[in-house]
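Colleague: Sequence:
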Amino acid sequence: MALENSLPSCRKRRINFRSVWWFLLLLCCICDKVLGQIRYTIPEELKKGSTIGNVAHDLGLNVERLRSGRARIVTRQSIQYTELQTDKGVLVVNERIDREQLCGEITPCSFTFEMLLENPMELHRIMVEVSDINDNSPVFTKEMIKFEISESAAMESRFMLPSAEDADVGSNGLQKYTLSTSDVFSLKQHSSPDGRKYAELVLQKSLDRESEPKISLKLIAADGGTPPRSGTVNIDITVLDVNDNPPIFNQSLYRTAVSENALRGTYITTINATDADFGSNSIITYRFSNMKEQLTDIFALDEVTGIITLKGEVDYEKDRKCEIVIEAVDQGGFTDSAKVLIEILDINDNAPVINVMSFSSPVPEDSPVGTTVAIINVVDADSDKNGRITCSTDRFLPFKIKSTLTNYYALLTDSSFDREVVPEYNITVRATDSGSPSLSSTAVLRLRISDVNDNPPVFDKINYVAHLTENNSPGMSVFSVKARDLDFNQNAKITYFVEDTQINGSPMSSYVSINSETGVMNALRTFDYEQIKEMQLIVKAQDGGSPPLSSSVTVKILIQDQNDNPPQVLYPVQTGGSVVAEMVPRSADVGYLVTKVVAVDVDSGQNAWLSYKLQKATDRALFEVGLQNGEIRTIRQVTDKDAVKQRLTVIVEDNGQPSRSATVIVNVAVADSFPEVLSEFTDFPHDKEYNDNLTFYLVLALAVVSFLFITCLVVIISVKIYRWRQSRILYHSSLPVIPYYPPRYSDTLGTGTLPHVYNYEVCRTTDSRKSDNKFGGAGGQNVLIMDPSSSGTMQRIQSEKSILDEPDSPLEVSY
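Start counting the sequence shown at 3; every next residue gets the next number (my numbering).
Where hints are given, some of them may not hold.
Claimed, not checked - Calculated lysine-lysine pairs in the PhoX-like style (CA-CA distance at most 25 Å, straight line):
| # | residue 1 | residue 2 |
| --- | --- | --- |
| 1 | Lys341 | Lys190 |
| 2 | Lys323 | Lys341 |
| 3 | Lys207 | Lys220 |
What the hints assert, rightly or not - Pairwise CB distance ranges (calculated):
| # | residue 1 | residue 2 | range |
| --- | --- | --- | --- |
| 4 | Arg78 | Lys402 | 23 to 29 Å |
| 5 | Asp591 | Phe709 | 35 to 41 Å |
| 6 | Arg725 | Ser661 | 55 to 61 Å |
I should point out that these hints are in silico values taken from the structure, not numbers from a laboratory.
C-beta: ideal position from N, C-alpha, C; glycine also.
Please model the complete structure; the sequences and the hints are all you need to start from.
Modeller: Take a look at the structure:
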């Protein structure tokens with residue numbers, strides 16, 4: 003096989019100066035594309051799988067490049083004669099190649115196809131020339147050749163013999179004719195200008211119908227193959243009576259032209275022959291000689307006038323010229339022949355055909371300018387300017403078309419893409435020829451733009467504020483955030499999460515969680531407004547691109563208060579071991595401030611607005627409670643008829659929905675003297691109602707104050723007892739000493755900021771039974787604290803009173 007290899011690296015074995023210029027011009031056209039052309043020569047009728055050539059070696063490529071580039075053969079023929087074995091890099095026969103079927107009489111016979119590689123795209127043109135082998139014998143179109151020759155035929159008269167057809171070409175084609183042995187006729191061979199061989203019978207001696215009316219000969223046509231092939235036809239000659247002048251054409255070759263697609267009946271030309279004979283022997287008829295079968299349906303011949311007309315259709319793309327042989331026959335059987343050469347004129351009747359050889363879709367939106375999107379092949383069956391193609395696309399689209407090789411065009415990007423603005427393009431490729439009028443065709447390519455992660459998620463708000471009512475259930479939905487991403491598919495898949503900050507020393511993840519897909523935030527614990535009033539966290543939205551993009555937003559969660567805490571009474575303090583009584587003198591006027599109920603509510607807002615109401619009272623007509631300030635005042639003048647022991651129940655309510663309340667019992671003593679109070683409060687019942695809502699710090703403060711008070715009281719009593727004992731010693735020693743009785747101190751419990759300690763002193767004289775009770779107070783209010791369990795104290799007071807009532811009792815001086 004013969005191989006001719008042409009590559010951009012200029013590796014070429016035989017090259018002439020003109021080819022160099024054409025090669026350089028081709029390189030300028032294809033720019034950065036690596037293209038080459040190789041040529042192989044093979045005989046026809048090779049078996050399927052026969053090796054044509056090593057394409058990888060001849061193009062300077064390795065087998066791996068053929069695999070990675072998905073090398074494939076691109077051909078416009080209906081039959082793919084070759085196959086590319088990419089694993090070996092060789093080109094083999096795929097279908098039986100019949101040179102006669104492929105090219106007919108055209109020599110040399112070859113077919114061309116392209117090899118396409120991708121990533122990057124390359125085109126290599128491969129030409130395979132098919133050489134002829136002697137596989138066809140010469141064949142005559144007729145089984146019998148008949149001649150009628152007048153006996154008066156002149157010596158050296160010639161009779162045209164029908165030519166044999168041999169599908170082979172060159173030396174394998176028809177080479178010579180031979181005639182069986184005859185002393186009357188000889189054979190003379192000729193060659194036409196186009197190389198076709200034909201033969202004529204030449205009369206060697208005069209005919210004598212009477213001695214030999216019929217002559218039978220055998221004509222043999224042989225080719226030049228090895229071994230040679232031949233075809234035979236019998237010639238039957240009938241000798242006629244005298245007709246000694248054959249017809250003669252006025253010219254041996256007629257030239258004419260007709261446009262393709264001409265209408266049927268179109269006049270083509272007229273042939274003319276004359277006969278020197280007279281009468282019936284001069285009558286000439288015309289007929290086609292050795293007419294190809296396909297031409298018999300195209301041309302019509304008037305046998306009388308010799309006018310040739312069109313009865314079928316001619317196509318320039320199939321046959322550019324037609325050659326027919328016309329015979330003129332007279333009545334005596336003499337003939338003459340002439341050739342008619344009909345040239346087919348091309349008209350622009352074929353629109354360009356667009357073939358998309360390779361198309362890359364989708365294309366990333368960040369593709370650089372100049373990226374090859376498609377390779378397009380455009381062919382036009384017309385010739386000259388009718389076949390010159392101009393390829394273009396829409397001007398407003400970001401694409402351009404560049405010619406890379408003859409009839410091949412590359413569709414390139416002309417600007418950058420943004421999928422979020424234009425996700426796809428409908429590209430119309432238009433191919434227009436240069437005919438008049440011009441014809442064009444279009445192909446629409448739908449190019450999708452694939453997404454790259456170039457847009458971060460964007461929240462629909464700059465920041466968020468959420469409200470959550472305290473005492474919520476764990477797992478309760480708090481709020482939801484929403485972010486959008488202009489990208490597509492995985493690049494637009496958003497994941498939400500909370501940045502792990504600290505709040506009150508605990509990670510934020512222990513307070514709230516967020517659904518990574520929906521952005522819904524849930525509380526992980528129950529919130530208490532009194533502990534946490536607001537939280538500020540950062541939510542981050544991250545897409546699924548590579549690398550991922552993200553954005554953050556601040557979410558402020560405000561805890562809303564619920565009315566979940568009842569009011570707490572700070573004063574008066576309810577104790578279980580003693581009775582606290584507020585002293586009101588009987589001389590108190592209207593509006594006298596008895597005491598003030600002090601309460602607080604740890605809630606906020608209207609849930610902490612407190613109101614005070616008098617729920618129960620021994621005498622409702624005597625006291626009232628301030629609705630807002632909790633002050634207990636008299637509403638009328640105190641009289642002697644009013645009971646000493648007054649019990650008031652005050653309810654403290656907040657303004658929540660529903661409201662909560664607390665109740666406090668206030669004991670009031672209406673009296674001017676201490677014994678009166680003592681007698682009334684001796685059997686005062688224990689107050690069993692405790693305020694369960696006091697905080698730990700209040701209890702601790704009360705305990706400390708109580709401890710200090712009791713300590714001081716014990717010290718004072720110890721000092722008083724010591725002095726009393728000293729006075730008794732002096733009395734028994736017969737000294738005029740006035741007996742001393744220690745003052746009575748009530749057990750008093752300090753509460754909050756209102757501790758009261760009262761000292762009651764009783765003075766007696768030896769000459770008077772009258773007693774003067776003095777009450778000491780603080781802040782204009784009298785408070786008596788009695789312990790009902792101290793019955794021994796009451797007995798001792800009574801015994802001491804009896805001692806004081808004796809006539810000889812000494813005077814007790816108070817100081």
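Colleague: If a hint holds in the structure, say so; if it does not, say that too.
Modeller: Evaluation of the provided hints:
no. : hint                         : verdict
1   : Lys341 to Lys190             : 19 Å, holds
2   : Lys323 to Lys341             : 13 Å, holds
3   : Lys207 to Lys220             : 18 Å, holds
4   : Arg78 to Lys402: 23 to 29 Å  : 25 Å, holds
5   : Asp591 to Phe709: 35 to 41 Å : 39 Å, holds
6   : Arg725 to Ser661: 55 to 61 Å : 56 Å, holds
Checked against the numbered hints above, the structure violates none of them.
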